[in-house]
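**Student:** Top line first, the protein sequences correspond to chains Y and U. Heads up, the first sequence is in this note's numbering, so the first residue is 1 and it goes up one at a time. Heads up, the second sequence is in this note's numbering, so the first residue is 1001 and it goes up one at a time.
Just so you know, not all the hints are guaranteed correct.
What the hints assert, rightly or not - As a list, the in silico EDC-like pairs of lysine to aspartate or glutamate whose alpha-carbon atoms are at most 20 Å apart:
| id | chain 1 | residue 1 | chain 2 | residue 2 |
| --- | --- | --- | --- | --- |
| 1 | Y | K122 | Y | D149 |
| 2 | Y | K225 | U | E1098 |
| 3 | Y | K257 | U | E1260 |
| 4 | Y | K259 | U | E1098 |
| 5 | U | K1141 | Y | D270 |
| 6 | U | K1167 | Y | D149 |
| 7 | U | K1113 | Y | D129 |
| 8 | U | K1167 | Y | D97 |
| 9 | Y | K165 | U | E1107 |
| 10 | U | K1113 | Y | E350 |
| 11 | Y | K257 | U | D1278 |
For the record, the hints were derived by calculation from the structure and aren't laboratory data.
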Amino acid sequence: MGKQIFRNYGIPVPNGYVVEAESQIKPFEKPVVVKSQILLGGRGKSGGIKFAKSQQELNDAVKELLGSRIRDLKVTKVLIEDMINIKKEMYVSIALDRTARAPVIIATTEGGVEIESVPHDKIFTRHIDPLLGYSDFIGREAVKFMNLDPDIAKQFMQILSLLYKIFNEEDCELVEINPLVITAEGKMIAADSKVIIDSDSLYRHKDFSVVDPEKTPLELEAQSKGYAFIELDGNIGVIANGAGLTMATLDALTLHKGKPRNFLDLGGTDNSDIVANAFDLVLKAKPSAILVNIFGGVTKCDTVANGIVMAKNKFSIKQPIVVRLSGVRDEEGRKILKDSGIDSYPTMMEAIERVVKVAGGN
Amino acid sequence: MSVYVNENTKVIVQGITGHQGSFHTGEMLVYGTKVVAGISPNKDGTKFMDKVPIVASVRESLQFEPDATMISVPAPFVKDAAFEAIDAGLKIIYVLTEHVPFHDSLEIVLNAKRKGAVVFGPNGPGITSVGKCKIGIMPNKIFKKGNVAIASRSGTLTYEIVDAVTKSGRGESTVIGLGGDPVVGLNYIDVLEQFEKDPDTEQIVLVGEIGGSNEELAAQYIKKHVSKKVVAYITGRSAPPGKRMGHAGAIIEKGVGTAESKIKAFNEAGVKVADYPDDVPSLLD
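Pulled out of the complex, with its shape left as it was, chain Y reads as follows (with noise of 0.2 Å):
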């Protein structure tokens, strides 16, 4: 997708073809690259990337990337990309740097590696004033401190004003090329690219379905459903309201060598459906015990009760159920609750106490 972006923008990229089944590969002309399109970083090491340098590599490479799998994602689609003549790797970046509420460039000629590994004084580092926006100026600092020949450096100008414009436009956290590269022909191409689209912006870009590839099924599942909503790997589910408490719940959890099983967020709600829905996730994770943490506010805590309730009665719950409730109508909810045989406990340190004894090993 990020590539997509990048044409669109007119920042050259490699000549390519996506193909979904082996039916649709064209002549072998020269050498290329064939890959998995996975939304995934790490893709190379995987196994994800082939060269092909016949007809017959490349009908291999095809088939044999078609239908197998990345990290439990089925791979169906793959890129087939003319191999390019790399004489230089270079890199560059805009991302947001939020303690400095602005947008940040970061360059360097050490490209086609981690940006970590890249020695600090290698690297072109610059914040812009969004107020101010990009301009050449920008480019002109970066260039001379890359120390770039005159036609390479008017590529890159010309690139780094067009990635600042994706950045702006396209409401993006990160554009990056890595690696930029420079051919033996003395082209600049960007040959790999990363674009992550701020997710709170995609009402108005509707052209994008942004699909995180670190996501697990279930945690799609809970975005199309509205929910904050991580798996771990413990046997304890979480449910709470905020995602600061979830967090220090979870926080708490494992202090008491407890492992949850995940985070969810209820937000701030006064649905009890919306409460009751949110086991329903939680128990497709198959927890050996879920904890509930609230502090009432807007989410008052009888709402939550009546939810668990009618959750534990729909979903015909198992596993030992652990409530805290603190705040708006606590006594109400912890009422609701002991007429239906839940536990439930005024602080979060009792429940994380009584849970973790429940829930026993993993």
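Put chain U on the given structure of chain Y with help from the hints.
**Tutor:** Same frame as chain Y, but now just chain U:
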């Protein structure tokens, strides 16, 4: 004395007729906040709860001499609403709304700064000057007047800690939610500067989370410029690297901004860090 807002602060609400806006305006009135007007182009000329006049624009509300605004409009309209408030000269701008694109937040925050205005949020619980003025969504009943100032990047976790401080027999002077988004108006250093000057504040609690380097910068600032006692709580220490935990702000970026690095920085600045939210009061005097 108090910081940012006080008993005389006059507040308008942009989006007063929405679900969130109307509920929280009601709660603010109960708390005693001087809500002088609401903005809603469609309800121009009517009254909220039979007492707060509703006008069509921020400029029209200037007849009521407002100092501050609470913005509770859908995310796509936040930038326009904030610009309207900045343009009208308001100096305190609180954005309740979550999911504001951060490119919009950048423009809001930088333009506010240029005009000498302060932005709380986006995506935070607001500010409460205890017993004087509440702008935002913090529950009314958790506070008790006292000398502990609290600043936090989260919402519910803030209430948890305020509640713990109150239940320990202490009380709060000012509680500030900075906001959980990647770009927000204030950082810890801004509020530490205010708390240090505030005669009503004797001790300070910072509630931080993983991601970014604001806590580390705060620690350096405390070492040099803060004479009052500061304690902290950091959440996200069990979070796996690279995973987002709800707040867009809370992501560990390849070892930078980890809980360990923040706790270490605080300890080096003489700031004790509580293991659990409930433990915060035990670290206070």
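**Student:** Hint by hint, note whether the structure agrees.
**Tutor:** Consistency of the hints with the structure:
no.	hint	in the structure
1	K122/Y to D149/Y	17 Å, holds
2	K225/Y to E1098/U	17 Å, holds
3	K257/Y to E1260/U	18 Å, holds
4	K259/Y to E1098/U	30 Å, violated
5	K1141/U to D270/Y	18 Å, holds
6	K1167/U to D149/Y	68 Å, violated
7	K1113/U to D129/Y	13 Å, holds
8	K1167/U to D97/Y	38 Å, violated
9	K165/Y to E1107/U	16 Å, holds
10	K1113/U to E350/Y	45 Å, violated
11	K257/Y to D1278/U	18 Å, holds
Comparing the model with each earlier hint shows violations of hints 4, 6, 8 and 10; every other hint is respected.
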